[in-house]
Every structure is written in C-alpha cells, then in structure tokens.
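Q: Top to bottom, those sequences are chains A and B.
8 is the number of the first residue of the first sequence in my numbering; add one for each residue after it.
3 is the number of the first residue of the second sequence in my numbering; add one for each residue after it.
Derived by calculation from the structure, the hints in this document are not laboratory data.
Think of the CB as a built atom: it goes at the ideal place given N, C-alpha and C, for glycine as much as any other residue.
Since no wrong hints were added, every one of them can be taken at face value.
Example chain A residues on the side facing chain B (calculated, C-beta under 10 Å, incomplete):
| id | residue |
| --- | --- |
| 1 | M8 |
| 2 | L12 |
| 3 | F19 |
| 4 | I30 |
| 5 | V37 |
| 6 | R39 |
| 7 | F41 |
| 8 | V43 |
| 9 | N46 |
| 10 | A49 |
| 11 | Q128 |
| 12 | V131 |
| 13 | A165 |
| 14 | G197 |
| 15 | L264 |
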Amino acid sequence: MLLSLVLITVYFREPAGGGLHSIQGTGATVLRPFEVASNRVAAPFQDAYGWFAGLIHAKSENARLRDQIDKLRAEVIQNTNAARENDDLRAQLHYIGLARFPQDYNPINTDVISRSPSEFQQQVGIAAGSSSGIRVNDPVATADGLVGKISSVAPHSATVTLLTDPNLNVSALDVQTQAVGLVGHGEGQGTLTLDHVQKSQVLHEGDTIVTQGWKVKGLSSIYPYGIPIGTVSGATNSEVDLYWNSQVSPFVNFESLQSVIVLVPKTRTGR
Amino acid sequence: MSANLLEPAKAALLIFVAAILQVTIFSQIDILGGYPDVVLLTLMAIALLRGSIYGAALGFFAGLIVDTANLGTLGVTSLLLTIAGYWIGRYGETTGRDRVHAPFVSVAVATVLVQLGALILHYLLGDDVSARAVLLDTLPSKVLLNLLLTLPVYALVRRLLAVGKPVETVTEVRLLG
Chain A
8 MLLSLVLITV YFREPAGGGL HSIQGTGATV LRPFEVASNR VAAPFQDAYG
58 WFAGLIHAKS ENARLRDQID KLRAEVIQNT NAARENDDLR AQLHYIGLAR
108 FPQDYNPINT DVISRSPSEF QQQVGIAAGS SSGIRVNDPV ATADGLVGKI
158 SSVAPHSATV TLLTDPNLNV SALDVQTQAV GLVGHGEGQG TLTLDHVQKS
208 QVLHEGDTIV TQGWKVKGLS SIYPYGIPIG TVSGATNSEV DLYWNSQVSP
258 FVNFESLQSV IVLVPKTRTG R
Chain B
3 MSANLLEPAK AALLIFVAAI LQVTIFSQID ILGGYPDVVL LTLMAIALLR
53 GSIYGAALGF FAGLIVDTAN LGTLGVTSLL LTIAGYWIGR YGETTGRDRV
103 HAPFVSVAVA TVLVQLGALI LHYLLGDDVS ARAVLLDTLP SKVLLNLLLT
153 LPVYALVRRL LAVGKPVETV TEVRLLG
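Isolated chain B, as found in the complex (with noise of 0.2 Å):
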C-alpha cells in the first residue's frame, strides 16, 4: 500500500476499533452517571493532528459505524460527528494545532455541542428525550471523564500516525538575488 493511502487506512482504522471499543465496552462504564466517548475522544485528536477533511469524513465513517452497530436511525450520529470532526479540523489548522490545550478545549467544545446537537435532533426526529437528563445529570461528567482521557488518547492517535514532526519540514535556505 502506498504511503498516501496508508495513512487515511491507519485513521480509518483508528476509528473503527474506537467505535466498537465504544459500542461495545465505554458505553457500559457508568461514572457519576456519564460515560467517555472514546471516538469523539479519537476524532478529535485524528482531526487535531490530520486536518478538517480528515475530521469530517472520519467523523461520517465513525457515525455510520455507530448508528448501524446499534441499528439506530442512520446518519444521525453521522451528522453530529462529521460536524465536529471538520470543526477541530479547522481549529487546530487555524489557530490550536501547536497550542498544548487545544486537544482539551476541543473536547470540551465538541462534547457539549455534540450533546446539544443530538438533543435537537432526537427532538426533531419524534423521540421523547429529556433535556434535563442529557444536560444536567450526564453531560458534566462526560465532559469530565472526556477531558480525563483526552491526554492519552492523544497521545496514543499521535504516536500511532507516527506525528512526530512537521510533515514538511525546510532543509535549506537558499537566498534569492
């Protein structure tokens, strides 16, 4: 495989063991009446590093992998985390990406926005949702929880794609006239 597909292949990939690793066991873990998500926790740190296209299509594959893992309403996950992923995507290449608390910021962000997305658009889709529940008793632990791993899972997404340097990096100089 090319190095040029090997990298989106490796993101890919990434987000995929995130999605069932979130489907199947970070759901399941109850603290403080919140849990960590674990591929918005990828996303981000994919995005961060990779760039807003990067972030958006990964964020559709990861909630295409959600919502039929669970057999839910297609796209609905999709949307959110496309959303997201191509928002950290343009934060960290406009303004984050070198800054030691953009991953944190992105998170927190993401997290709520993408909590309050879904708010609506259960809402929007017919279900009987409660704004209290979601906004008060689950979404400040899962920013906590969230903002806990947000170091390791970034870490561990920036060793995995080997960033270890810019990906073009200047060798010389020359001086013109």
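So here's chain A without its partners, still in its complex pose (with noise of 0.2 Å):
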C-alpha cells in the first residue's frame, strides 16, 4: 500500500519525462507485444460479432444510406467546385491561413492496442509512439472525424484522451451557422455536448460541427480548421441560460476504435 502512494505521489508530482515516466514508457514497450497479440487473437471474434450484430440493422440502414447517398452525391460536386474556386483564389491572394487539414500534417495510421478498463480516464493505447513522430498533444481521428488528441507517449506506444473525456474540450465550429463553442463529453455514453455557444448565435438541429482552428498572439489551437466532429442532435435556448444547451452526436463510434490516425504537424510551432 505504502509502495502505490509512493508511486502515486512521485509519479504525479515528477514532470513528463522523469525517471517513473521513463520506466512505464520502457514497461509499455514490454507489454506491446503481448497487447499485440492479444488483439489479434481477438480480432475474428469481435468481426464475427460485429457482422452478426450488423446483420440486425443492415436493411434499413441500407435504405437509409441509399437516401444520403442520393443527397451527398450532388452536395460532393457543389463542394469540389467551392473547393477548387478557393484553392485557386488562395493562390492569386498569396492568402496566409492557419495549418490546413490534412495537407499541412502526416498522417500516422496505427493500431489501437488497449483501452483504458476504467470509467475515469476515457483513453485507447495505440501501437505508435515517439519514434513515430508523435508528440504530446498531437490531434488524433478516423476517416469519420476527430478522435482526441495524444496525452502520452512512449517510444513504441501513445496513450489517445477520447472526446468522451471529461477532461477534454475542444473549440469548435458549426458549418451551416458559423456559431462557435466547445464540444466536451455528454451525460450519455459516446454522447457530445457543444457549450458556450453564445445565444446570440444560432444552431439547428442536423448541423454539422468541425474543429474551429484558431490563431491568437502566436498561440494556435491544436486541432487544425475543419475537423468533422459531429451532427448537433438537439439545441435548446432558454430564458435563464447563458448559452445554448446543445448536444451532439459524434460521427466516430468511440466505442469500436480499432484504428486511428494521428495528425502529425509537417512542421511544429508554439501552440
């Protein structure tokens, strides 16, 4: 008991990379192999689950699907046509912005390797770390959207703090109204919320939220502009509030990670 204080206390008070820091970076190198395997034994089982359980909801999702296909089909040729036009008035401008996604970042696709057995901390272990690039506080997502961001690193394996987390927030944007809050973790499972959404601002529901990706005095937020985070699912605006009361429901499905991609910057500034 006396041991796990200690090591509670000098873990917690030593900076990043102290010598217990050092140690568990080195004992997590150890442990990937066994992670490893462990989730390739595994993985046939959880696809034969997850085809099964697909299997319950396959035809009206496949209807429901064929609907957004329809719609986003002639929306991808507006969007490339807006894409392009912007690209070539950038150009003629000699427009300075912030670091673009994803053409200003490397990305690094991993395995996730563990997941934090704990209501606490919502984390994933991932199979790259250090040596890989990856830094503290480097952006993480999926082809849908925004995953979270790195919280740790050992040389051959990062720890990823999800948006499910309490303890992250993250600045961000909604398309369709150009209202600007925080997305930070719901009262449900997997659930999002958008704060501090000023009321003079509007949100609809089906909106949809990205990373703002901000600049001030040097500091820059570390996610890039336009990470896809979610659709706003509900949005209320009482009386008595400050802001809006928003929630959000993520594109990601943090509960089935099995891979992600850490956004690694071409180059590193002050943040």
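Now that you have both chains on their own, put them together as the hints suggest.
A: Rendered as structure tokens:
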C-alpha cells in the first residue's frame, strides 16, 4: 500500500520526462507485443460479433444510406467546385492561413491496442509512439472524424484521450451558421455536448460541427480547422441560460475504435 | 523451478494474462453500460485460494501492469487492487474460504469498493469525474457481469492452481498418553 502511495506521489509530481515516466514507457514497450498478440487473437471473434450485430439493422440502414448517397452526390459536385475556386482564390491572393487539414499534416495510421479499464479516463492505447514522430497534444482522428488527442507518449506506444473524456474540450464551429463553442463529453456514454455557444448565435438540429482551428498572438489550437466532429442532435435556448444547451452526435463510434490516424504536423510551431 | 517458486509464478502468470486480456479485450465489451473486470475476478480467486499475502502482492502486480499498459498514473490501480486482494484474502482465511457463496460475496463487495475507491482517488488527483456516471450508469451492470463470470473464473483458477485438496492433509492420528 505504502509503495503504491509512493508511486502515485512521485509519478504525479514529476515532469513528463521523469524517471518513473521513462520506466513506464519502457514497460509499455515491453507489454506491447503481448497486447498486439491478444488483439490479433481476439480480432476474428470481434469481427464475427460485429458482422452478426450489423445484420440486425442492415436492411433499414441500407435504405437510409441510399437516400443519403443521393443527397451527398449532389453536394460533392458543388463542394468540389467550391474547393477548387477557393484554392484558386487563395493562390491569387497569396493568402497566409492556419495549418490546414489534411495537407499540412503527416498521417500516422496505427492500431488501437488497449483501452483504459475504467470510466474515469476515456483513453485508448495505440501501437505508435515518439519513434514515429508523435508528440503529446497531436490530434487524432479516423476517416469519420475527430477522436481526441495524444495525452502521453512512450517510444513505441501512446495514449489517446478521447473526445468523450471529461477532461477534454475542443473549440468547435457550426459549419452552417458559423456559431462557435466548446465540444466536450455528454451525459450519456459516447455522446457530446456543444457548450458556450452565445445565445446571439444560431444552432439548428442537424448542423455539422467541425474543429474551429484558431490562432491568437502566436498561439494556435492544436486541432486544425475542419476536422468533422458530429451533428447537432438537439439544441435548446431558455431565458435563464447564458448559453445554448446542445447535444452533438459524434461521427466517430468511440466504442469500437480499431485503428486511428495521428495527425503529425509537418512543421511544429509554438501553440 | 522448485515447488515453492512454481506456485507464485503460476499465480503471477495468471494475473499477467488477465491484465493483458482486460486492457485489450474486456475493456471494449460494453453490455448495459458496463464491462467485466477479469483482473479483479482472477485476483479474487487467487486471494481466496491462497490468502491475503498472495492477494496483496498480486493486486499490486496487476495494478502495475494495467497502469503501465495504459500509461496511466502509476500506483492508482495498484493501490486499489492491493487493498482488494488483501481484504479478499483475509476474508478467505478467516471465514469464507470453504463457503459456496464466498466468491460471489467477495466479488460483489470488492467491485463496489474498488469502484468507489477509484472515484475518490481520481477526485483527489484532480480528474473531472462524474459520480453519477460511475456509480449509477456503470456500477450495477459491472457488478452483474462480474457475478456472472465469478463461477467460471473461480473454477478455472482453482483448476490451474491445482487446488483440489487442502495443502496439508492429516494422514494419521497418534494418541498420546
């Protein structure tokens, strides 16, 4: 017991590069092959479970997705033209903007090898670390959207704090109305909220929420602009509240993360 | 390896495997908002069968592996599992070892206390924790899942540690006087 208390105290007080952190990093590297092996053994069973679970809602989901494809096809054409026009105008104006996603980042694709076994920290362990160029606070995403950020790094593994962790907030933007706020964990498991949206701004159900990406006096957000987060699933605005009360349905399914993409900036600047 | 060292080594290996399975597989299982804690279940079985010293030492070891694998604050899980292992071991030594309900009582009580202890510890460390989420949303299903797995895990550990008979059996009785 005493040893545990000493460990907690020393670990909590020492800096991130301290002795215990280094020992832990080495320990994590040693444990990594066991975790990878365990994941490989479990993968077929997880896939089989996912396949059967997916069958239950397959028919209704198929119809819904077909409708969505029709709508999105038209949007893609419009967006492609707009993006091309935007790039042309930026080039003509010699516009200097913030780091843009994904062109200003090197993606590191890696497996999720562990998950924090407690409700207190929504974290996952990944199979890439500082040897791949990953540093603390690098943003992490999947093809669906933002997952979270790197919170600790060992040479060959790292920990990702998920967007559903109570200690993580991300400045976000409503693409349709340009309302800004902070996305954080929601009340239910795997849900998010969008807080601190001024009542003078507008939120609609179904609006898309993306990372805001800001820069103030040499400091900039660790998340580049435009990483999708989710859609507004509900928003209310009462007289007594200072801000909007809104819930966000994330694009990412945090419960079944198998692999993630760590966005390593091509050039690292002060943040 | 001598018989004296073989038994702790087997118990440590069991705990190691349980910890790896917990962080890689069982933590991802979400049933009714909770997931089974095979580290606690394995620890309970070993502590009940082998006593408080085994329980405390292996609890510390299990916590260390879990915290190392997750790059979490070293010592937090160790502290909780050391206390849990010691308590279950003492319960086994004093009253519960031969009772059928002992594993179930140990698991239910230990799950609640470990969860409560973790909540307090994380609060003291300055983490933003939600008592409602931990105690109401997760705890009931976690207790239920742990209770469902108690018997198979206990039977497996008992078999692997080859606990069939009492360690010391009386083979003859000599009448004195």
